Amino acid sequence: MKVSIKAIWRDDLKQGKGNYVSDNQLLNQMNYSFLKQKDYAVTLPEEMIAAAYSACFNMTLTLLLTQASYKIEELETNCEITYNNEVIVQADLEIMAVISGLDNTIFQQVVAQAKQMCPIGNSFNFPTIYRALLK
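5 is the number of the first residue of the sequence shown in the numbering used here; add one for each residue after it.
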């Protein structure tokens, strides 16, 4: 399986702007920049990393819980990326789940297993802090 997205950039780093070109209609022509800009719908690359990480973790956790015959009412994963100008320092994932019939001990074990299996998370060198809450 392969995924391809082209990123186009124009101008210098601080004043410049870029956009993505993709077969995916949601991403095609989406704007990105180095800094958030007023009155300009734009994302940052770090936000795309956070989005990919939280979505991938949700899907990995869903796979494991479904295989164990649990019915998921809702999974909410918030990913906060901490970075400076040179490097991503860490990611914090906060997972909140509503799952009938699942006790917290088993939930924490499944979250630990999902940490090991998440393809996006396994692609990164920066540390990740996980907090998982079962409602």
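If you are wondering where the hints come from, they were derived from the structure by calculation, not from laboratory data.
Be a bit skeptical, because a hint or two may be false.
What the hints assert, rightly or not - The calculated lysine-lysine pairs, modelled on DSBU-like cross-linking and capped at a C-alpha distance of 30 Å, are:
| no. | residue 1 | residue 2 |
| --- | --- | --- |
| 1 | K75 | K40 |
| 2 | K40 | K21 |
| 3 | K119 | K139 |
| 4 | K10 | K42 |
| 5 | K139 | K75 |
| 6 | K10 | K40 |
| 7 | K75 | K42 |
| 8 | K6 | K21 |
| 9 | K42 | K18 |
| 10 | K139 | K6 |
| 11 | K75 | K18 |
| 12 | K21 | K10 |
It should be emphasised that the depicted structure is a prediction, and the values quoted were computed from it without experimental measurement.
Now the hints, each set against the structure:
| no. | hint | in the structure |
| --- | --- | --- |
| 1 | K75 to K40 | 39 Å, violated |
| 2 | K40 to K21 | 10 Å, holds |
| 3 | K119 to K139 | 20 Å, holds |
| 4 | K10 to K42 | 25 Å, holds |
| 5 | K139 to K75 | 14 Å, holds |
| 6 | K10 to K40 | 21 Å, holds |
| 7 | K75 to K42 | 42 Å, violated |
| 8 | K6 to K21 | 26 Å, holds |
| 9 | K42 to K18 | 13 Å, holds |
| 10 | K139 to K6 | 36 Å, violated |
| 11 | K75 to K18 | 47 Å, violated |
| 12 | K21 to K10 | 14 Å, holds |
Figure legend: structure checked against the earlier numbered hints; hints not met, in rising order: 1, 7, 10 and 11.
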